[in-house]
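Trainee: Those protein sequence lines, which keep their order, are chains A and B. Residue 196 in UniProt numbering sits at position 196 of the first sequence; the count goes up by one each step and never skips. Residue 407 in UniProt numbering sits at position 407 of the second sequence; the count goes up by one each step and never skips.
Since the hints were made in silico from the structure, they are not lab data. Any given hint could turn out to be false.
With a Cα cut of at most 16 Å, we get these calculated EDC-like pairs of lysine to aspartate or glutamate [to be verified]: (1) A/Lys-74 <-> A/Glu-86; (2) B/Lys-28 <-> B/Asp-113; (3) A/Lys-144 <-> A/Asp-28; (4) B/Lys-186 <-> A/Glu-31; (5) B/Lys-174 <-> B/Glu-224; (6) A/Lys-166 <-> A/Asp-75; (7) B/Lys-88 <-> B/Asp-75; (8) B/Lys-170 <-> B/Glu-180; (9) A/Lys-74 <-> B/Glu-216; (10) B/Lys-208 <-> A/Asp-38; (11) B/Lys-170 <-> B/Glu-181; (12) B/Lys-88 <-> A/Glu-77; (13) A/Lys-132 <-> A/Asp-38; (14) B/Lys-208 <-> B/Asp-155; (15) B/Lys-88 <-> A/Asp-28; (16) B/Lys-186 <-> A/Glu-86; (17) B/Lys-64 <-> A/Asp-75; (18) A/Lys-74 <-> B/Glu-65; (19) B/Lys-64 <-> B/Glu-116; (20) B/Lys-186 <-> B/Glu-149; (21) B/Lys-28 <-> B/Asp-47; (22) B/Lys-175 <-> B/Glu-199; (23) B/Lys-88 <-> B/Glu-153; (24) B/Lys-88 <-> B/Asp-118; (25) A/Lys-74 <-> B/Asp-118; (26) A/Lys-144 <-> A/Glu-31; (27) B/Lys-208 <-> B/Glu-139.
Nothing here was measured: the structure is a model prediction, and the numbers come from that model.
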Amino acid sequence: MARRSQGTKLHLAVLCLVVSCHAIGLSDLMERASQRSDQLPHSLVHADSHFPPMGRVMMPRPSMCHTSSLQTPKDKEQALRVSENELISLARSLLLAWNDPLLLLSSEAPTLPHPSNGDISSKIRELQDYSKSLGDGLDILVNKMGPSSQYISSIPFKGGDLGNDKTSRLINFHFLMSCFRRDSHKIDSFLKVLRCRATKMRPETC
Amino acid sequence: MWGEVGGALVLLLLSEVLDCIGISPPGKPVLINCRSPEKETFTCRWDPGFDGGLPTTHHLYYQKEDSYGMYECPDYQAAGSNSCFFNKSHTSIWVNYNITVVAINSLGSTVSDPLEVDVMYIVQPNAPENVTVSVVETEESPHLLVKWEPPHEADTRSGWITLTYQLRVKRQNKKESEWEEYASGKQTQLIIYSLHPGEVYMVQLRCKLDHSLWSEWSTTTHTEVPDYFLKERSIWIVVTVFSAFIILLVTFTLAMKRKYVKHCLLPPVPGPKISGLDTQLLKSGRSEDILSSLINQGFPPTIATKDQQVDYLLVFDSEQVTPDLQNGQTRTNNSIDHGCYDHSLLMEANNKEVKVGGRETVEQGYSEGLESTFRKTKGLSTDVTSHPYPQKKPFNNVTETPKQATVSSKYRSLSHHKDLWDSLARHLDYRETVVKSQSNCDDKHNLSSQNIVTPSKDIGYVEVHRWTKSIGLKVLVPKMDKRQDYSKVSVVENDNVVLLKRETVPLNCTSCKVGGNQSEKCLQQKPCKPNMTVPAKEGVHIGSNGYVEPVTMSHTL
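Bound conformation, chain A alone (with noise of 0.2 Å):
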């Protein structure tokens, strides 16, 4: 509920911005952005906790996420090294690549062979909600910093269907799910570290 109650609050900055009313400061939307981004990683670890770990050998390799053609930061230094604009550039185009994707395993879910299938479905739906809500004060966010920030790549989800048996149902599943976990966790990381520059005033909030 307190998940919802965030993103009403960010759609109520947004309605605010719109009508003119009090502007919001950057930091704050940073601050709530980063907030509602932690909570992505979290819902899906939950989600993920469902399926039993199954053998390395079916799963196929996280480079076959569809994500992976994006050049992303791998390690701290270079997280560090990345422009602001760059940074933002790059939490949007992977939220934006994985609306597909979940509409894909929001249809999915219903019909998955799994005992708590209801759980794993309404996991979805909410991750659905905020990816959306944060992918709204994203926007919010690109508008203050500048045109330069705006850029987003467009990365195409291909995947059509998960599969026709059941096994391999569950296990593309599966592989969704900890690719979305990863790309969150990528997108809550850049978000941080933006954060901590944003506000260079109080370093105690990095």
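Chain B: place on chain A using the hints.
Mentor: Just chain B now, with coordinates in the frame of chain A:
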């Protein structure tokens, strides 16, 4: 063919022989885990397994998902034995590592199972450092201030990692006490309230990197909370309880002794007391005691003071002075020898005492206008005084004259009044009685008519006696009805009947002795001739207020 078979057999034999000796290729090592404390480096550890009896070396090889090629561990020593430390340059995040360990000895090598590692999943920070717990003593209540620092290797200033902390507290002395956990967020200090004084508290801390695993709990910090404020509070509690107890006790005592307290605070109004009348004695009904008490106390109240003594004033209508007056003072008990009636009057007025003072008052009671009479009386009195006569009661001293003079002076004016008798006789309050004197009295006195004014028994009234030869002694006395006079009680019959004693004035007859039940007898036995009763009261009348009221009965009684 025979050669191959022979070779195989030889190998088999060799291995068997080696087994008997106790050496073999190394056992399979097992990768335990890999950990990254700060999201920048990580360390992998393995269990070497059985070394096969021969010196065995282990090698770690890894493969990254985004690059090709097998790489060996960059650092085997930094993290200790059977470990591989990946420094910052060799650590990539969001990249899968495929790690394997190979154990090699002279007889062979064994490869462990691979381990897929992504640094973002293996982050586990070290415990917070420099935990300081201090007791902050404020007036309201003391609290614990816990301060700490993040683990030294964590970089919290670039935003790469965000640490969140968790604290737990427990009381050391209390058995079965649970740890109380508090989330601290990103703050590096926390205040704990609601402490128990005198207790030792244990504090532990741990932290988490974003969504990583929780660190281990830090080493326990012990702090003792002083219990001074408990004493202060306990003193107040003791004082309150004690005072409450005292108040309860007092209230209870007052409630028990309600009557006594009421008596003390609101004393009852004392009832009227009659001096000389003992109500308890009356109630008891013992006549002897009653009578004795009554009599002994001079009931009716006899004239105790000098003021109340009857003072005689001589009033002369004529200039005559009898030679008897001048001469004869042989009588005893005589102040002024005007006749028998004087004597009787004296007796009547004062049963016990002899009014000697009357002489003196007479001496001084006359004004200059009646100087002739005064002189006569003076001479008379002088003569009288020259002869001492035995008295039943002692003389009043001359020195007491002034006192009496004041009394008698009141009546002086009265005595001068020519129409004294008439005026008094007409007075409503006075009535006339006649006392017949005896023959011998008549002989002795040649006085025509004299008015002798005497103060009656009660102050404020006078009696006038006039002796006329023809009639006898006429007495003007105040009416009894207006006087509040006491009556002598002869007997108390029962609770509400009192017999009063008749007061008789016997003239030369044996006076009836007062006593007991003989009053009635007295009347019948020896009837004195002029059996007059001057203020004689006999009868019983119980007033409504319980007092005995004087009732004037007719002489028919």
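Trainee: It remains to establish, for every hint, whether it holds in the given structure.
Mentor: Results of checking the hints against the structure:
| no. | hint | verdict |
| --- | --- | --- |
| 1 | A/Lys-74 <-> A/Glu-86 | holds (14 Å) |
| 2 | B/Lys-28 <-> B/Asp-113 | holds (8 Å) |
| 3 | A/Lys-144 <-> A/Asp-28 | holds (12 Å) |
| 4 | B/Lys-186 <-> A/Glu-31 | holds (13 Å) |
| 5 | B/Lys-174 <-> B/Glu-224 | holds (13 Å) |
| 6 | A/Lys-166 <-> A/Asp-75 | violated (37 Å) |
| 7 | B/Lys-88 <-> B/Asp-75 | holds (12 Å) |
| 8 | B/Lys-170 <-> B/Glu-180 | holds (6 Å) |
| 9 | A/Lys-74 <-> B/Glu-216 | violated (27 Å) |
| 10 | B/Lys-208 <-> A/Asp-38 | holds (13 Å) |
| 11 | B/Lys-170 <-> B/Glu-181 | holds (9 Å) |
| 12 | B/Lys-88 <-> A/Glu-77 | holds (9 Å) |
| 13 | A/Lys-132 <-> A/Asp-38 | holds (14 Å) |
| 14 | B/Lys-208 <-> B/Asp-155 | holds (13 Å) |
| 15 | B/Lys-88 <-> A/Asp-28 | violated (32 Å) |
| 16 | B/Lys-186 <-> A/Glu-86 | violated (27 Å) |
| 17 | B/Lys-64 <-> A/Asp-75 | holds (14 Å) |
| 18 | A/Lys-74 <-> B/Glu-65 | holds (12 Å) |
| 19 | B/Lys-64 <-> B/Glu-116 | holds (10 Å) |
| 20 | B/Lys-186 <-> B/Glu-149 | holds (11 Å) |
| 21 | B/Lys-28 <-> B/Asp-47 | holds (9 Å) |
| 22 | B/Lys-175 <-> B/Glu-199 | holds (12 Å) |
| 23 | B/Lys-88 <-> B/Glu-153 | holds (12 Å) |
| 24 | B/Lys-88 <-> B/Asp-118 | holds (15 Å) |
| 25 | A/Lys-74 <-> B/Asp-118 | holds (11 Å) |
| 26 | A/Lys-144 <-> A/Glu-31 | holds (14 Å) |
| 27 | B/Lys-208 <-> B/Glu-139 | violated (36 Å) |
Hints 6, 9, 15, 16 and 27 from the list above are not met by this structure, while the remaining hints are.
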